[in-house]
Each structure stands twice: as C-alpha cells, then as structure tokens.
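Number of protein chains: 2
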Amino acid sequence: MTTVEESLFLRACKRLFVERTPIWMMRQAGRYLPEYRAIREKYDFQTMYRTPELATEITLQPVRRLEVDAAILFSDILVVPEAMGLAVEFVEGKGPIFRKTVQTAEQINDLNVPDMEESLGYVLEAIRMIKAELNSAIPLIGFSGAPWTLFCYMVEGRGSKDFATARRFLFEQPGLAESLLEKITAAVTAYLSAQIAAGADAVQIFDSWAGVLAPHHYRRYSLKYIRKVIEGLRRDGQPVIVFCRGAHHSLAALVECGADVLGIDWTVDFAAAKRQVQGRVALQGNLDPAILLAGPEVIREETLAILRAAGRDPGHIFNLGHGILPTTRPDHARYLVDLVHEESQKIRAS
Amino acid sequence: MTTVEESLFLRACKRLFVERTPIWMMRQAGRYLPEYRAIREKYDFQTMYRTPELATEITLQPVRRLEVDAAILFSDILVVPEAMGLAVEFVEGKGPIFRKTVQTAEQINDLNVPDMEESLGYVLEAIRMIKAELNSAIPLIGFSGAPWTLFCYMVEGRGSKDFATARRFLFEQPGLAESLLEKITAAVTAYLSAQIAAGADAVQIFDSWAGVLAPHHYRRYSLKYIRKVIEGLRRDGQPVIVFCRGAHHSLAALVECGADVLGIDWTVDFAAAKRQVQGRVALQGNLDPAILLAGPEVIREETLAILRAAGRDPGHIFNLGHGILPTTRPDHARYLVDLVHEESQKIRAS
Chain D
51 MTTVEESLFL RACKRLFVER TPIWMMRQAG RYLPEYRAIR EKYDFQTMYR
101 TPELATEITL QPVRRLEVDA AILFSDILVV PEAMGLAVEF VEGKGPIFRK
151 TVQTAEQIND LNVPDMEESL GYVLEAIRMI KAELNSAIPL IGFSGAPWTL
201 FCYMVEGRGS KDFATARRFL FEQPGLAESL LEKITAAVTA YLSAQIAAGA
251 DAVQIFDSWA GVLAPHHYRR YSLKYIRKVI EGLRRDGQPV IVFCRGAHHS
301 LAALVECGAD VLGIDWTVDF AAAKRQVQGR VALQGNLDPA ILLAGPEVIR
351 EETLAILRAA GRDPGHIFNL GHGILPTTRP DHARYLVDLV HEESQKIRAS
Chain H
51 MTTVEESLFL RACKRLFVER TPIWMMRQAG RYLPEYRAIR EKYDFQTMYR
101 TPELATEITL QPVRRLEVDA AILFSDILVV PEAMGLAVEF VEGKGPIFRK
151 TVQTAEQIND LNVPDMEESL GYVLEAIRMI KAELNSAIPL IGFSGAPWTL
201 FCYMVEGRGS KDFATARRFL FEQPGLAESL LEKITAAVTA YLSAQIAAGA
251 DAVQIFDSWA GVLAPHHYRR YSLKYIRKVI EGLRRDGQPV IVFCRGAHHS
301 LAALVECGAD VLGIDWTVDF AAAKRQVQGR VALQGNLDPA ILLAGPEVIR
351 EETLAILRAA GRDPGHIFNL GHGILPTTRP DHARYLVDLV HEESQKIRAS
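Sequence lines, in order, name chains D and H.
The first sequence begins at 51 in the working numbering and counts up one residue at a time.
The second sequence begins at 51 in the working numbering and counts up one residue at a time.
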C-alpha cells in the first residue's frame, strides 16, 4: 500500500520521479457536481463550510467521482477575515459582502489575530475528519488566500473587477496598508500552520487578485507578504503551492519566494514558464477551464500540448489555469483525469 | 501655427522627434468630469453617443479642461454590434445587455455588414463636427473594439468577468466562431475606414478582453483578425494604435500586426515592453489609473518612473494603463498632464 509520502502528488511537488503526472482541479469540490448541488439545496454556503461533516463530504466528492490525485479542503478564503472580526455574507448572485470594511488605523487595531482553535476550529476539525476518511494514498491540500487578496476584500468590502478602492488605499496610505498587510500575514501564517498541524499534507496560497497590481507594486505589496507567510510556517516537509493569478510578470521573483510549487494561470504559456523557472520549483497548471466545456477532441488536443511542453521532467502537477467552471460536465472532468494519467505515462516512458 | 501633422501626438505615433511627450487618457471623456455628469443627468447614455452635438461637446470637454494632446471620440464599442443588427441596452449599474445573442450559423448569417452612412452616420457626423470645432493642432482619435472583444459581447450577451460562454463557443465550434470573427472583422474594417474618411487623424483598436484567452488562442482568434483589420484599412498615413488588455504574452507578435503604436496595460513593466518591441513601434501607456486616486506626490513618483523608463527615445505616448476611474479628481488628471509635459521636456533635453 502506498503511503501519502509516496503519492504522485507529493512526489511531484518535490520534483521526485513519478511514473505519471498527478492531477487535481481548482474548485473541484464545487457547483459542477450534482452531489454538491444536492447538499447546496439543503444548506447555505456558510453552513456548508462551517460544518465539518458537510465540508468533509464535499471535499471527498470529487476524489470519489474523478479519482484525482489530491483532495482540497472545501472552505472559503474569507474565513480568515471573518475570524479577524469582519462578518461576511454570501449573497446569491452577488458574491461576498462585508458589513464593515477596514480603512483606518483604528479599524486595523480592532482586528483580531485570531486564536485558531477558537475561531477556526471548525476548519481544523474538518481537516481531521477528512484525513480519517481519505484513502491514505491521497493527500489533502489545505489553503488560504494570500495577504494581498484578503486585503482586497477587507478594504473593498465585496468582490470587484478591479478593486479600485483597495488600490486607492494602498497608494494613498501605504504605511497603513502595510500595517494591515502585516496583520493579515500573521493570521494567514498561523492559519496555514494550524492546517498543517491538523493534518494537511500540503497548502496552497491563492493570490486571486495579483493581477490588479503593476509589477513593482505586486512585489512590494503582495509577494513580500507571501514570502513572509512561507518563512513563518511551522511545517515538516509539507509543500507550499503559490498560485498568483495574473502575476505573469513576476515568475522569476516568485521562484525565490520559498514555494515548492508555482501554480500558473492559463494566460501563461507553459513552455515559457518552464524556461523561466528552470526546474527550481515544480509547476502546476494550466489548462483553460473553458476547454472542459468543449468536447473530448478539443480537451485531448489542448491537454496533450501542455503535457508535451512539460515533457518527462519531474515537477509537473496538472491542473486547470483557474477554477473549474460551474457549467462543466462531470464526465468531461473525469475524461481529463484519465487522459492526463494515460498520456503522461506514455510521455514519461518514452 | 502648428498643423495636426506636426502635433506632438502624431509625431510620437510615427516615432519622430518630439520636444516633450504627448499625453491623453483612455476614457478621458467620461464620468469623472462634472461637465460630463451634467450632460448625463439630462440624457441617457445612448442618446449621448447617438447625438453628434452631444458627442462633440463631450469629446471636447477633457481637451478644454486638461489640455491633453489628443481628443478621442466619445462613443461606445458596441455601436458596431448594434449596426450589425443586435440591439443593446445600457442598464444602470449592470452595463450593456443584448436582447439576443449570436450562437448559430443562421444567427451569423442574419447579421448585417452595415452600410456605414446609413447605420453609423451619426458617428461620422460627430467626427466631422468635432474636427470643425477642434483646435487644428489637436488630433482626433477614432476607435473600434477589436473583433475578439466584440465577439465576446455578441456571444455572451452582456459583460462578464471571464466570458466563459464566448470561450465555450470558440472551443466547441471553432469554424462557426471564425466565420463570425470574419464578419465582425469586415464591419470593423469598414467602420474604421469610414472614421478616417470622416476626419479621424488616428484610430485605436481596443481589445479589452484579450486577457481571457490563452496565448495560442489569442493569436489564433484575436491577433489574426486585428492584423486583417489593419491590412484592410483605407488610410493615408493615419496611425493605428492597438491596445490589447492582458496580452502581455504576445507583445513580440503584436509588433508584427501592422500597428504603429502598441498600448500597454499597467500590469506590464514599461522597460520590459520597450526591450521587447525594440523601437519597431511606438508605445502608449501605462500608469495604473488608481494612482490618480492618490495624492500628487505618489502621482509624481510613479509618473517619473515611466518617463525615465521611456527615456529620450521618440515613440512614447503617455497614457493610463486602462480607462480613467470615475472617482478620479479632475485636478489630479490635470496635474498629470502638466507633469508629463514638464518632466518629459527636461528628460528629453538632458
């Protein structure tokens, strides 16, 4: 029997030999699955991630149906701002809305650096339950939003296409913005450390809003704090994946941030990214999620192109370049998993 | 007296010597101006762009207040889909909504390649009126959406953060998608040619949704048609500016598309872009529009960084990296114009 340390996913994270390329999909525990929607009909979104039994069931659903090589915790990045003291509501069709936002020194002072068991114990309990249920060869990925991405929501108060209010705050009051980023960084570091202590085999940091910053601002206001989180993590070999959507300009700098794996979005050419990172980190990605909306022929062609660009080198984890779309047919997702397994094995054996 | 051909803007487009760097701002004729909002209180958005007198007044407003080096026609990229037969409504707070969308061969056949004077005569009339009113040394920029960006709206039927329906159509039915792109390309080519014939001194092609495509899809489904538009244009030396938001991966390919000027968004490092294009086209950009929300000190620091990266070479047109934000203070925009003029003159004289 394989142990989790010998799993394809953890070996690929560490750039060790694998006979085939592991695959999982961002948002794989989500709305495209009828078994997820069945739960969603009975419970609101917050109840789903706050109830360890439900989070466990939802986390395991795609592992059962798709046979992906890793599970990812079902949760939301906004649990951290919540635990820091900002109540959030999820409004159907509108996304998350915060009742109050953060913009002054006083409001920053008022934020908690949360006690993990007290305010995020339900996440840690879900991790323990998932690990008890999960096939011992399938690793569990924990996650958090990156400090910059959480800052965006906490200052803006809701989703936005450009987070102009958050950027304004950054440029108008850089000192205050940095003190808020520091506080979020402390919370994220404690949160990911607690996830690892609870049993997460790897963690992913999602910087969903990296792409709204110019390259020099990105390095100053986002990358710097990602590096701090990774430096501060209490871990024992568990890999860290960093996925910064839209940070195409800073791949070379990201190689230095301490991550074991860089996730790349679908607007980055895989071969170009591979040349840039020069085998110093593993790469995760990067099929356009909309490709799964088309038929098997297109899925096959586009997937093979990425597998061929990755070649036989260790250190590739197949993934989508962003979350799986809610309109995806589950059989297309399953087709992708099988295709990646079969074709990567051929390429690696050749 | 300076003629339009001798203007800073047109000289910079052609990479001819200029004593200072010209500047204009995307969406400079817009909501951040109180004089614009005063008109908007009396008329709906469609009446504003369909009425040549109003479009003229709005186009001239930022030229008067900011003393920018070029005027850009006040209009909307969706006038082309409208002229092709797709009625569009602008719903406050929701953006454009099409009553019907395009997804079948029959619907593509039903689209008009519009007669310009008949269906877009109001735009051409506005151009003639603006040219008659405009100081003869200030050039007028006409514009159109790029075929791919118009395709996005025509298939999706509304704005979207990822245009997943448009991408699905592309991947599921590439042949049909290409026939739609061809038809849009013919309309855009005729439209920009008519704008030039009516008096536009330059034209800009906006590919606002370049960034939702992977690099290889971008070249196949967007760049190819931009090149076709430029090849097909009837023009007599009027420069073409191509602004593809999010096409960071294809700058080298864009250099070959026939554009005189490439607009770059604020997520591209100016110095890196300059190295990539190697003086073969002029560059336009690329201050983060949110910088204008901060104070003069920050505006100054960030602007100087771009001017220094551009250096003394001809072929830089200062602009924002995206449209000016509605919350921008007009005096900040004016400060930027004066700053670019003064500081670029010093740098160019040094």
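Careful, some of the hints might be misleading.
Chain copies aren't distinguished; within one or between two, either way the pair holds.
[To be verified] With a straight-line Cα cutoff of 30 Å, these simulated DSBU-like cross-link-like pairs (lysine-lysine) come out:
#: 1; residue 1: 211; residue 2: 144
#: 2; residue 1: 150; residue 2: 211
#: 3; residue 1: 396; residue 2: 92
#: 4; residue 1: 278; residue 2: 233
#: 5; residue 1: 64; residue 2: 278
#: 6; residue 1: 92; residue 2: 278
#: 7; residue 1: 144; residue 2: 396
These are calculated hints, taken from the structure and not from any lab test.
Against the structure, the hints:
For the homomeric pair residue 211 and residue 144, the shortest alpha-carbon distances inside one copy (12 Å) and between copies (13 Å) are both at most 30 Å. For the identical chains of this complex, residue 150 and residue 211 are neighbours both inside a copy (20 Å) and across copies (25 Å), given an alpha-carbon limit of 30 Å. Proximity of residue 396 to residue 92 under the C-alpha cut-off of 30 Å is found in neither arrangement, the shortest distances being 44 Å within a copy and 67 Å between copies. In this assembly of identical chains, the alpha carbons of residue 278 and residue 233 lie at most 30 Å apart only when taken from the same copy (12 Å versus 52 Å across copies).
Taking the closest pair of Cα atoms, residue 64 and residue 278 come within 30 Å of each other only inside a single copy of the chain (21 Å); across copies the shortest separation is 46 Å, beyond that limit. Taking CA atoms no more than 30 Å apart as the test, residue 92 paired with residue 278 passes in neither setting, with 40 Å inside one copy and 53 Å between copies. In this homomeric assembly, residue 144 and residue 396 never come within 30 Å of each other (Cα to Cα): the closest approach is 45 Å inside a single copy and 49 Å across copies.
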